[in-house]
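Residue strings, one per chain:
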Amino acid sequence: MKSTRKFYWIFIFLCGLSLTKVYASAGKGDSLFFRGEFRDAALEYDRQFFMASDAFTGAKALLGKAECYKQMENFVAAKTCLTSITLSNIPDSLLAQIRYQLALNSYLAGDFGMAESEIILLEVIESPEIPASKILLLKSLTYNELNKYKQAHDAVLEYISNASVSEISRDSLRREVETLYRSKRLPHLKSPKRATILSIFLPGLGQTYAGYPGEGIISLSLNVAALGILVFGAVNAYYISGYVVGAGFLQNFYNGGQKRAAILANKHNYRVTREFNDSIHHFLMSIR
Amino acid sequence: MNMARLILLISSLFLWGSIAFSQNSGNDSLTRNDLGFINYLIGKSQYDDAIYVLEKHILKPGLTPNTHDTLNHLLGWSYYSVKKLDASSAAFDKVSRSSASYLKARFFSSYNQTFLGNYSRSAAMLDSLELPEPWQKELQGFQMAGISLLKRDTAAFRKYAGSFTNEFYSLATEEQSFRDYSTKISQFRKKSNWKAAVISAVIPGLGKVYARKLGEGISSFIIVTALGAVAFENYRKDGLTDVKTLFFGTMFGIYYVGNIWGSAIAAQRHNNQFYYEINQKVLLDLHIPLRTIFN
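Quick mapping for you: the protein sequence lines, in order, are chains B and W. Counting in the numbering used here, the first sequence runs from -19 upward without gaps. Counting in the numbering used here, the second sequence runs from 33 upward without gaps.
Keep in mind that the hints were calculated from the coordinates and are not lab data. Certain hints may be false.
[Claimed, not checked] Here are a few chain B residues that face chain W, going by a calculated C-beta distance under 8 angstroms:
#, residue
1, Leu23
2, Arg27
3, Asp34
4, Ser97
5, Ile100
6, Val104
7, Val215
8, Tyr218
9, Ile220
[As the list claims (entries may be wrong)] Pair ranges (Cβ atoms, derived):
#, chain 1, residue 1, chain 2, residue 2, range
10, W, Gln305, B, Ser97, 43 to 49 angstroms
11, B, Asn232, W, Ala156, 56 to 62 angstroms
12, W, Lys222, B, Leu169, 40 to 46 angstroms
13, W, Glu87, B, Ser152, 43 to 49 angstroms
14, W, Glu87, B, Gly194, 40 to 46 angstroms
15, B, Ser171, W, Lys183, 45 to 51 angstroms
16, B, Ala32, W, Thr205, 40 to 46 angstroms
17, B, Asn127, W, Ala204, 44 to 50 angstroms
18, B, Phe36, W, Glu87, 46 to 52 angstroms
19, W, Pro166, B, Ala32, 44 to 50 angstroms
20, B, His168, W, Glu87, 30 to 36 angstroms
21, B, Gly208, W, Glu309, 46 to 52 angstroms
Because the structure is a prediction, the values reported are computed rather than measured. Just so it is clear, CB atoms sit at the ideal spot from N, CA and C, and this is done for glycine as well.
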């Protein structure tokens, strides 16, 4: 009986030793992460993934690795890491975390289309791991970036409904949202194609349509001047000079003006969209 | 011994074994898991991560010579994969003669030096190898032949190509390619910079056509001729001292001289392009058998 007890003690000691080793390995990534040594932590999580014996441990390790990349502001690497996770045989709580991080890193990496699809998939999972407010905030920001203002407006209102603020503040915030998303305030985008066509009809008109009348006037003047040289050459018998200089410049100004009009339309679109989205971003951040 | 004690004894032995296995073996501070992890990183093409881990491990004290060789071989391979060829050679050169990877390390190190243009160093490395197997000797000769082609040393190439047996499948295609490159090099007629410049002085753009740059030649001809015509028209109508004549005359002069200069450069570019393409093909063909044989 005494020797059996001794066996038990040895067994318990060895079990303890073995478990300590396993947890030391698992916790190394976390401790490096909390010390801010993200490069080493990412490698340690990768090692955990390599040594993982089941899908859950492997997925958790890759989630940790992606978090390290996110901290290093390498959102594309974080996204790639998360997409490599095998999503079968893992609980919903972990699945929700992965989907949320995938949506967040996609948003941060500028892949708003992927962020949207991940949010849709995330909303299907019933898990308390990710609070609804976090999802709604990301959803609002993503729809804004995708210029889907109707969906963005609805998501922002839902976000406000979930926000932990007083009823009076909530009403005030809702009114503010209605003001922000008034159709007159929404970005009015210019068509680059239309800008090009307008510049074909009249040089400088496309630039004016794109919101740059100054450039439109310059473009028109240059075209008129080039045409003037061409006509002057023909009238005063400077045929070669008129043709080479006038026609040469006219061709360049005319074609270049059309391309410039399209560029300016895109520039206008970027500027107005950025201004509007930044104002929404600022508003959403002020709620927290 | 009753059943419970027997089970406990077996379980304890198993646990002890697993702990001992995961510990470092002997004085070596590199575990099987470490090595497995490094191979996993290389397998996933995470070479930068592999280099980071390897550089850390390689500095650890207590590594056995065998482990040191393995780590240097993997480090050389990782650096080679991210095209840091000098660092790759430095690591490969540390692999000792007793290692199973020695031959691979030496051949790849030599290839790195060839790629970097250090032909003498590369040839010296190959020369220093003692190779008992016929295929090894053939590979050595093949690499030397490639270096000769890169050095445009046709006599040396003929010497090495003379010993090509065409008996080894992994070398036969590339050996034939080397013969073709050698023929191409000997048949290649260099374009003369002077000739291109003189031709372009007579007819603007024609020197570029001679240098096999037809588009550039036509473009030069149109611009220079048009500017010359404008300058002449203004000279004829308003005289030599007229501002327009002076302006277009100057423009014509600049473009005319530029066209002559450009034609000489075009001839040089044509020659360089030919040799560059040959070099790239030779380097690729030197590389293919190494990957086939040693992977």
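To see whether the hints hold, each was checked on the structure:
no., hint, result
1, Leu23, "6 angstroms, holds"
2, Arg27, "5 angstroms, holds"
3, Asp34, "17 angstroms, violated"
4, Ser97, "26 angstroms, violated"
5, Ile100, "30 angstroms, violated"
6, Val104, "31 angstroms, violated"
7, Val215, "14 angstroms, violated"
8, Tyr218, "6 angstroms, holds"
9, Ile220, "5 angstroms, holds"
10, W:Gln305 / B:Ser97: 43 to 49 angstroms, "47 angstroms, holds"
11, B:Asn232 / W:Ala156: 56 to 62 angstroms, "58 angstroms, holds"
12, W:Lys222 / B:Leu169: 40 to 46 angstroms, "57 angstroms, violated"
13, W:Glu87 / B:Ser152: 43 to 49 angstroms, "58 angstroms, violated"
14, W:Glu87 / B:Gly194: 40 to 46 angstroms, "57 angstroms, violated"
15, B:Ser171 / W:Lys183: 45 to 51 angstroms, "60 angstroms, violated"
16, B:Ala32 / W:Thr205: 40 to 46 angstroms, "43 angstroms, holds"
17, B:Asn127 / W:Ala204: 44 to 50 angstroms, "60 angstroms, violated"
18, B:Phe36 / W:Glu87: 46 to 52 angstroms, "32 angstroms, violated"
19, W:Pro166 / B:Ala32: 44 to 50 angstroms, "47 angstroms, holds"
20, B:His168 / W:Glu87: 30 to 36 angstroms, "56 angstroms, violated"
21, B:Gly208 / W:Glu309: 46 to 52 angstroms, "50 angstroms, holds"
Against the hints set out earlier in the document, violations occur for numbers 3, 4, 5, 6, 7, 12, 13, 14, 15, 17, 18 and 20.
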